[in-house]
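Whole structure, please, built from the sequences with the hints as guidance.
For the sequence shown, the numbering used here assigns the number 1 to the initial residue and increments by one for each residue that follows.
In short, the hints are calculated from the structure, not lab data.
We put the CB at the ideal spot given by N, CA and C, even for glycine.
One or more hints might be untrue.
Quick list of the computed label-pair ranges, beta carbon to beta carbon [to be verified]: (1) L110 - I71: 46 to 56 Å; (2) P108 - G31: 12 to 22 Å; (3) I141 - I67: 18 to 28 Å; (4) R28 - I104: 15 to 25 Å; (5) R75 - L110: 23 to 33 Å; (6) A76 - V18: 39 to 49 Å; (7) M30 - R143: 13 to 23 Å; (8) V137 - L110: 30 to 40 Å; (9) I104 - R134: 13 to 23 Å; (10) I12 - E70: 35 to 45 Å; (11) L110 - L2: 24 to 34 Å; (12) A76 - I141: 48 to 58 Å.
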Amino acid sequence: MLKRIEFACGGILLVAVVILVAVASVARAMGSPIIWSVEMAQLIFAWLCMLAADIAMQEDRHFGLQILREILSKRASAWVEIINILVIIGFLAFLLNYAWTNMILMHPRLVGAAQINASYIHASMVVGILLMIRTMVAQLIRRIRNREIN
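See the structure below:
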């Protein structure tokens with residue numbers, strides 16, 4: 001259910017950024033540019049990228065080292081996957097601290113013509129990292145339950 005919601009939100013954001021860029025391009029060509037379109041496109045695109053990264057993680061579409069799978073036994077390969085997921089969770093938790101601090105520091109800063117707080121853009125990192133941590137914890141639980149390490 002959550003995956004469907006994320007996918008729908010990603011689709012909506014993609015359509016929104018395409019429409020915004022198209023409308024801004026036509027308006028600029030007609031001589032009356034929309035001055036806030038760049039800031040809004042950045043905001044939408046940042047959120048879209050973080051949602052897309054989490055969706056890719058859910059479907060195991062991020063890059064990986066398949067060569068280890070081919071070299072190692074199934075048992076060793078399963079352990080390597082579990083260790084890899086733990087390292088990724090640790091790295092994401094480490095990044096979460098800095099993403100949160102950055103979001104707080106950016107709140108007073110207003111972005112360009114739109115005059116929105118920069119923290120709205122930087123909040124995408126916090127939310128995206130939390131979503132990815134959730135995804136990796138779910139994958140860790142699934143791999144531990146289904147592992148072939150007996």
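TODO: Could you say whether the range 15 to 25 Å given as a hint is met by the Cβ separation of R28 and I104?
DONE: violated, 35 Å
TODO: Return holds or violated for the Cβ distance of A76 and V18 against the range 39 to 49 Å.
DONE: holds, 45 Å
Task: Range hint compliance [Cβ, R75 to L110, 23 to 33 Å] - done: violated, 55 Å
TODO: Given the hint of 18 to 28 Å, check if I141 and I67 actually sit that far apart at their C-beta atoms.
DONE: holds, 26 Å
Task: Distance restraint evaluation - I12, E70, Cβ atoms, bounds 35 to 45 Å - done: About 40 Å separates the Cβ atoms of I12 and E70, which means 35 to 45 Å holds.
TODO: Go ahead and decide if the range 13 to 23 Å is satisfied by the Cβ distance of I104 to R134.
DONE: holds, 22 Å
Open item on the list: Looking only at beta-carbon atoms, does the pair M30, R143 fall within the given range of 13 to 23 Å?
Closed with: With a Cβ separation near 55 Å, M30 and R143 fall outside 13 to 23 Å, so the hint is violated.
Task: Supplied distance hint 48 to 58 Å, evaluated on CB atoms of A76 and I141 - done: violated, 20 Å
TODO: Starting from the hint 46 to 56 Å, judge whether the C-beta atoms of L110 and I71 obey it.
DONE: For I71 against L110, whose Cβ atoms are near 53 Å apart, the range 46 to 56 Å holds.
- [ ] Starting from the hint 12 to 22 Å, judge whether the C-beta atoms of P108 and G31 obey it.
- [x] violated, 35 Å
Task: CB-CB spacing for L2 and L110 relative to the 24 to 34 Å hint - done: Holds - the Cβ-Cβ distance for L110 and L2, about 33 Å, lies within 24 to 34 Å.
Open item on the list: Taking 30 to 40 Å as the stated bounds, is the beta-carbon spacing between V137 and L110 within them?
Closed with: 36 Å Cβ-Cβ, so the 30 to 40 Å window holds.
When each numbered hint is compared with the structure, violations occur for hints 2, 4, 5, 7, 12.
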